[in-house]
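Undergrad: Given only the sequences and the hints, what does the whole structure look like? Please build it.
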Amino acid sequence: AQTRSITEASKLLRISQPTITKQLQLLEEFYSVSVINRHARGVTLTELGKSLFKITNKIFDLEEGAIELFSSDLNVNKGTLIIGASGTYYMMRLIKEFKKNYPSVVVRFYSSSSKDVLKQIIDQTIDISVVAKPYLKSFTEDIFSIPYLKQNLVLIVGKKHELYSRNSISMKELNGMDFIHREDGSETKRVFEEHLLKHGVEINIVMEAYRHSMIEAVAENMGIGVISEPEFHEYKGIKKIAFADADIYTEAYLVCLESKKNNNMIKAFIDASKKIINKENQ
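The sequence shown begins at 53 in our numbering and counts up by one.
Any given hint could turn out to be false.
[Claimed, not checked] Simulated crosslink set (DSBU-like; lysine-lysine; CA at most 35 Å straight-line):
| id | residue 1 | residue 2 |
| --- | --- | --- |
| 1 | Lys-74 | Lys-313 |
| 2 | Lys-224 | Lys-291 |
| 3 | Lys-288 | Lys-224 |
Derived by calculation from the structure, the hints in this document are not laboratory data.
TA: Structure representation (structure tokens):
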């Protein structure tokens with residue numbers, strides 16, 4: 053209909069002339085109609101063919117719009133990316149790098165434990181996230197992951213605590229001390245408990261809380277806590293203390309669903325993140 057020629061249509065569609073002719077015949081025979089008039093110099097549309105062409109033109113316009121969207125970066129420059137992390141420190145540098153190139157993208161940030169965030173990835177309510185390594189084990193077939201960083205854990209104490217003057221401490225010295233423990237699903241909690249068990253240390257758990265509440269409780273001298281060192285920002289009235297005889301750390305991975313890793317917006321975030329990750333691993 054556009055070219056008025058089966059030969060030219062063949063070139064445009066990159067399929068053989070006999071194939072086009074056969075498709076036209078099948079269409080006309082199935083509905084017992086005629087949509088084109090064949091002439092020596094080409095084809096013209098019947099009245100029915102003209103009416104059909106008006107309808108199909110709308111379909112072609114939609115198709116062109118879809119192709120333009122997929123072949124350009126429109127779906128990266130506009131839209132919303134839902135991001136999760138088990139800690140704000142893990143993600144903010146990655147988000148900053150991504151927003152340099154795609155400032156119009158709306159980023160929604162969700163913070164919770166690694167276990168919870170990964171569940172949101174599986175449920176497809178979060179697009180991409182940073183989670184702790186152990187929680188990848190059960191989802192290796194479904195999850196695409198990139199190693200991000202390793203962060204040491206440190207003890208934090210309030211200004212009035214007896215340990216406030218210390219710069220380091222042994223694991224054995226923690227025996228019997230009051231702790232504000234992290235919530236279930238926290239990788240920090242899991243790793244710290246492994247080392248307590250390894251060193252035969254028992255602590256007195258005063259309360260379990262998410263990170264921010266735990267920090268506030270420590271500041272009020274209700275107990276001491278553990279946090280990843282990169283997340284420590286010289287909190288007022290709180291001091292960090294290194295573990296003298298234990299190499300305690302967690303590992304973080306950038307993750308998304310394997311099936312969504314080539315989604316344009318997610319891929320753009322992964323590519324931006326790799327710049328930061330590669331710098332840190334140099």
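Undergrad: All hints, please: hold or fail.
TA: Hint check results:
1. Lys-74 to Lys-313: 40 Å, violated
2. Lys-224 to Lys-291: OK: Lys-224 and Lys-291 at ~20 Å, within 35 Å.
3. Lys-288 to Lys-224: Roughly 27 Å between the alpha carbons, so the hint for Lys-288 and Lys-224 holds.
Hint compliance for this structure: hint 1 is the single one not met.
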